[in-house]
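Since each chain sits alone in its own frame, please combine them into the complex, following the hints.
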Amino acid sequence: EAQVTQNPRYLITVTGKKLTVTCSQNMNHEYMSWYRQDPGLGLRQIYYSMNVEVTDKGDVPEGYKVSRKEKRNFPLILESPSPNQTSLYFCASSLGFTRAEKLFFGSGTQLSVL
Amino acid sequence: GESVGLHLPTLSVQEGDNSIINCAYSNSASDYFIWYKQESGKGPQFIIDIRSNMDKRQGQRVTVLLNKTVKHLSLQIAATQPGDSAVYFCAEGDRISNFGNEKLTFGTGTRLTIIP
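Sequences listed follow chains A and B, in order.
With my numbering applied, the first sequence has no gaps in its numbers, which climb one by one up to 114 at the end.
With my numbering applied, the second sequence has no gaps in its numbers, which climb one by one up to 230 at the end.
Hint data in this document are derived by calculation from the structure and do not stem from the laboratory.
Careful: at least some of the hints might be erroneous.
[Claimed, not checked] Calculated pairs, DSSO-like style, for lysine-lysine (alpha carbon to alpha carbon, straight line, at most 27 angstroms):
hint, chain 1, residue 1, chain 2, residue 2
1, B, Lys217, B, Lys182
2, B, Lys217, A, Lys69
3, A, Lys102, B, Lys185
4, A, Lys57, A, Lys71
5, A, Lys71, A, Lys102
6, A, Lys65, B, Lys217
It should be emphasised that the depicted structure is a prediction, and the values quoted were computed from it without experimental measurement.
Isolated chain B, as found in the complex (with noise of 0.2 angstroms):
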């Protein structure tokens, strides 16, 4: 799977099926995990995201879950669909300061191609 500062290029699903798509971490110290959808030629969009109190957390078709103990996170796809082509991002949030603000790294990105 994905790792923060790794890259995994691909993955294919059959449209219909289910897709995961996985992602590591390495701050423990992290408390914030979000997911973004890049298609070609666009900036990337929010999915879905989760706090570090959250082991799962689901959107319209989307559901993220959170392992804090092996630092993984993953991103579920429910019956994918052609749209869902792109590729897909995680990123892990660390607050730097006292006043709260927070550092966000990305990782690479894994591309998902949906099989008709």
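Chain A on its own, in the form it takes in the complex (with noise of 0.2 angstroms):
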């Protein structure tokens, strides 16, 4: 079946404690991306990568780090997290790499950070 997985699902941390939230695909896609979705926010974006060892940064990547080793993983790193990523966390991919049209999404990562 064609998914995006993230792993975990649910998260309590605390602040300063680094973390990782994995993200998979197994579509052979180009385009991945992480989002951040907050109550009268919407999703935003906060990294996106068009290929293997090609990342940018969206709207809201301060205190956020990612790579792109393989095609398939797209991982999300916190390397001292705050109270304000609490959130709720989407990765995305995508078939174009120039497009980040009829994005994938993944079932969602909620993270609360103490």
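Pasting the structure below:
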């Protein structure tokens, strides 16, 4: 089944404790992206990647890191999480590397930073 | 209706009736528009898209209308079913580089509730 898989589904952590949210897609998609979803603000892009070893900042990249060592994986790293990073996170992928169209989204990771 | 950046909380529709969800966008340079459906506890799911050289596009039970003059987008769902209950997002796309990669700006969503 074609899908984008994120782990974990839920995560509670404390301020400053490094964490990684994994994302993997099995559709051989070029384009991958991370979004955060907050009430009243919609989906905001954190980082995106158009191909292996090619990443770029989205609208809200501060406090986040990503890497794209393999085509299928695009982990999101929070080196020193803070409470304002409490949010619902979505990873997404798309076939076309030039367009973020028809994004396939994962099921989300609900992160709480205490 | 929904505006990218503003929030219209809910729309309630009787089962079997048609639903119309509206979206206003502000960037006249946007050339691509897309609707997503997000069910509770799930990620957004693609419904339908439309390019700026079109004013209407139809899918299965859904139609997207684009009015570039007033920068308005709408999603029409025919004969709504309980499974249509969800939050619906519009997004607009604008090319941001010579490579053609597109930046999508999402609206905050409209919650559609189907009344049995």
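Exercise. Sort out whether A/Lys71 lies within 27 angstroms of A/Lys57, counting only the CA atoms.
Key: 18 angstroms, holds
Quiz item: Within a Cα-Cα threshold of 27 angstroms, do A/Lys71 and A/Lys102 meet the stated pairing?
Solution: 18 angstroms, holds
Quiz item: Do the alpha carbons of B/Lys217 and A/Lys69 lie within 27 angstroms of each other, as the hint requires?
Solution: 23 angstroms, holds
Exercise. For the pair supplied as a hint, B/Lys217 and B/Lys182, confirm whether the alpha-carbon distance does not exceed 27 angstroms.
Key: 19 angstroms, holds
Quiz item: Holds or violated: A/Lys102 with B/Lys185, Cα cutoff 27 angstroms?
Solution: Holds, at about 21 angstroms.
Quiz item: Is the straight-line distance between the alpha-carbon of A/Lys65 and that of B/Lys217 27 angstroms or less?
Solution: Holds: A/Lys65 and B/Lys217 sit about 19 angstroms apart, inside 27 angstroms.
This entry satisfies every hint, going by the numbered hints stated previously.
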